[in-house]
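The task is simple: from the sequences and hints, build the whole structure.
The working numbering applies: residue 1 is where the sequence shown begins, and numbers increase by one.
To be clear, the hints were calculated from the coordinates, so they are not data collected in a lab.
Any given hint could be a false lead.
Said to hold, decoys possible - The calculated DMTMM-like cross-link candidates involving lysine to aspartate or glutamate, where the alpha carbons are at most 25 Å apart (straight line), are:
1. 429 - 247
2. 429 - 336
3. 50 - 77
4. 50 - 176
5. 46 - 158
6. 429 - 367
7. 46 - 59
8. 50 - 22
9. 46 - 77
10. 429 - 322
11. 50 - 115
12. 50 - 39
13. 429 - 484
14. 429 - 243
15. 429 - 493
16. 429 - 158
17. 429 - 414
18. 429 - 242
19. 46 - 73
20. 429 - 440
21. 429 - 442
22. 46 - 109
23. 429 - 446
24. 429 - 382
25. 46 - 17
Said to hold, decoys possible - Simulated restraints, written as ranges between beta carbons of each label pair:
26. 489 - 244: 31 to 37 Å
27. 273 - 29: 32 to 38 Å
28. 285 - 379: 52 to 58 Å
29. 201 - 15: 30 to 36 Å
30. 242 - 198: 52 to 58 Å
31. 483 - 73: 32 to 38 Å
32. 371 - 73: 47 to 53 Å
In this text, a Cβ means the ideal position worked out from N, Cα and C, and glycines have one as well.
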Amino acid sequence: MSLATVLSRAQNGLTSDLVRVEVHLANGLPGLAIVGLPEAAVREAKDRVKAAITTCGYEFPQRRITCNLAPADLPKEGGRFDLAIALGILAASAQIPSALLDGLEVLGELSLSGELRPVRGALPAALQARRAGHALVVPAANADEAALAAGVRVVAADHLGRLCGALHGGVLTEHEPGVSLAPSASAVSLPDLADVRGQAQARRALEIAAAGGHSLLMAGPPGSGKSMLAARLPGVLPPMSEDEAIEVAAIASVASSGFDARHWMQRPFRAPHHTASGVALVGGGSSPRPGEITLAHRGVLFLDELPEFDRRVLEVLRQPLETGQVTVSRAARQEDFPARFQLIAAMNPCPCGYLGDNGGRCRCTPDQIARYRGRISGPLLDRIDLQIFVPAVDRAQLTRPAASDAEPSAMVRERVVVARQRQLQRAGKRNAELQPAELDRDAALDAAARALMESAMSRLALSARSYHRVLRVARTIADLAGADRVSSAQVAEALRYRGWDSAGA
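Below is the structure:
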């Protein structure tokens, strides 16, 4: 046989497209040509493959070898095709049997010794292989990740020579996953809300945000516990469903850091530094890759020192906050990335940070305060559901022993789970995602609540967007209370979370 075909997968954005690696041996000057729109790392595979084949004791054919990666108009990048090219050459030269290659997809980067190195995107490739009804060969380091796609036959390979030996034996052993698909108690290892001293209003706002999936802005002096509270939000969020966990794991799989199977069923918590660029947040590059807002999908995006971010960087958050997705467009490529994250932000109330502090230490002028807060645009603030002031903790409360009755995250999480279940049963989505027509149905106001809302809209100059966000928060407060209708008391509490400025100043 002088022609062999091995199936593989290209990684483009979050998709994993089928690639047919066609290898043909012909008479002529010895050499290996790779065609089919390969980028530099793919073209360099010829040297890795040749060294790996000879190191494993096989003969590299002294013939003219053409390797076509079809379809030809699909960009190919990385070393993920090394193993498929090597197996294609060995099958075309009849050094290994080709019967087991039918219905088998192959991924893996080769070292010069024949060892297999992990690649990005093993889980999306496994999901696509499952849909196609194919088995999947991956490096051993990617096997647990690929096995998360229940129903696909995963074969773990750590060395080209041993894989070829298994092909000669006619048996490829299915990998036994080391990760259970059962929901894990990952919240046990997360920071506990019981560690927070005082801050009753902030704890309440955090519970509301967790229950309804709302965004939250905390403003307060340094050391008041804003970052500490944000780090404890994942511990009170409801557990993910299996479909959501697969979605999160697939996104992490294509990121540069890859997916760690030990984090299965854990909601992501991303906290980029304030020097991050717009591309780092949204995603991009010549071959678009997901940014921080996509890596925080189904989890939390924490932006500390919010005014220190470049204003143009913050503005890229406006559209994803509304739609839950982002489209990254380049000259030749366009990718849609999910971005249904929960934004938690923290900031100081003024440049020195001590505005509103009881010690009276702030010496900032009104003009300095206005310039500092002006770094955050009105339209972005309008999209943040809960905005609270977090005062400094009282010294006496901070130094006394921790109270034995301090409410832990597990107790708060129980209430959050019940409230979230009410939302899903009623509307099939979180309250933060309710549309105006759904709010008219699920958060209808009685006469007293409507009068309160009309007065607040006039007094606080609320926009139509703010009005709907207050209704969503009020609906979540009602769900936490187990109420079917939204009362004026719940509207009043929701309105208190729209005016941190007056509380802080």
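Results for each hint:
1. The suggested pairing of residue 429 with residue 247 holds, with an alpha-carbon distance near 17 Å, which does not exceed 25 Å.
2. Pair hint residue 429 plus residue 336 holds up; C-alpha atoms about 21 Å apart against a cutoff of 25 Å.
3. Proposed proximity of residue 50 and residue 77 is supported: the alpha carbons are some 19 Å apart, at most 25 Å.
4. For the hint pairing residue 50 with residue 176, the CA-to-CA distance comes to about 31 Å; that exceeds 25 Å, so the pair is violated.
5. Restraint check: the Cα-Cα separation between residue 46 and residue 158 comes to about 20 Å, which is no more than 25 Å; the hinted pair holds.
6. As the CA atoms of residue 429 and residue 367 are separated by approximately 43 Å, the hinted pair breaks the 25 Å bound.
7. The suggested pairing of residue 46 with residue 59 holds, with an alpha-carbon distance near 14 Å, which does not exceed 25 Å.
8. The straight-line distance between the Cα atoms of residue 50 and residue 22 is roughly 17 Å, inside the 25 Å bound, and the hint therefore holds.
9. For the proposed pair residue 46 and residue 77, the alpha carbon gap of about 14 Å is at most 25 Å, so the pair holds.
10. Taking the CA atoms of residue 429 and residue 322, the gap is about 15 Å. The hint holds against a cut of 25 Å.
11. The hinted pair formed by residue 50 and residue 115 meets the criterion: a straight-line CA distance of about 13 Å does not exceed 25 Å.
12. Distance hint between residue 50 and residue 39 is fulfilled; the C-alpha atoms sit about 18 Å from each other, no more than 25 Å.
13. Restraint check for residue 429 and residue 484: satisfied, since their Cα atoms lie roughly 16 Å apart, inside the 25 Å limit.
14. Restraint check: the Cα-Cα separation between residue 429 and residue 243 comes to about 15 Å, which is no more than 25 Å; the hinted pair holds.
15. About 22 Å separates the Cα atoms of residue 429 and residue 493, which keeps this hinted pair within 25 Å; it holds.
16. Proximity of residue 429 to residue 158 is assessed by CA-CA distance (about 43 Å); at most 25 Å being required, the pair is judged violated.
17. Distance restraint check for residue 429 and residue 414: the Cα-Cα separation of roughly 18 Å lies within the 25 Å cut-off, and the hinted pair is therefore satisfied.
18. Taking the CA atoms of residue 429 and residue 242, the gap is near 16 Å; set against the 25 Å cutoff, the hint holds.
19. Under the criterion of a C-alpha separation no larger than 25 Å, the hint pairing residue 46 with residue 73 is consistent with the structure, at around 21 Å.
20. Restraint check for residue 429 and residue 440: the C-alpha separation of about 15 Å stays at or below 25 Å, so the hint holds.
21. Only pairs whose Cα atoms come within 25 Å are accepted, and residue 429 paired with residue 442 is accepted, the gap being roughly 12 Å.
22. In summary, the hint linking residue 46 to residue 109 is supported, as the alpha carbons are separated by about 12 Å, within the 25 Å threshold.
23. Among the hinted pairs, residue 429 with residue 446 is consistent with the structure: their alpha-carbon atoms are about 24 Å apart, no more than 25 Å.
24. About 22 Å separates the Cα atoms of residue 429 and residue 382, which keeps this hinted pair within 25 Å; it holds.
25. A threshold of 25 Å between alpha carbons decides the hint, and for residue 46 with residue 17 the separation of about 22 Å falls inside it, so the pair holds.
26. A hinted range of 31 to 37 Å for the beta carbons of residue 489 and residue 244 is consistent with their spacing of about 33 Å.
27. Between residue 273 and residue 29 the Cβ separation comes to about 53 Å, which falls outside the hinted range of 32 to 38 Å.
28. Taken as a hint, the range 52 to 58 Å is violated for the pair residue 285 and residue 379, whose Cβ atoms sit roughly 27 Å apart.
29. At roughly 44 Å, the beta-carbon separation of residue 201 and residue 15 lies outside the given 30 to 36 Å, and the hint is violated.
30. At roughly 38 Å, the beta-carbon separation of residue 242 and residue 198 lies outside the given 52 to 58 Å, and the hint is violated.
31. The hinted window of 32 to 38 Å between residue 483 and residue 73 is violated, with their beta carbons roughly 57 Å apart.
32. Remark: the range hint 47 to 53 Å for residue 371 to residue 73 is upheld by a beta-carbon distance near 51 Å.
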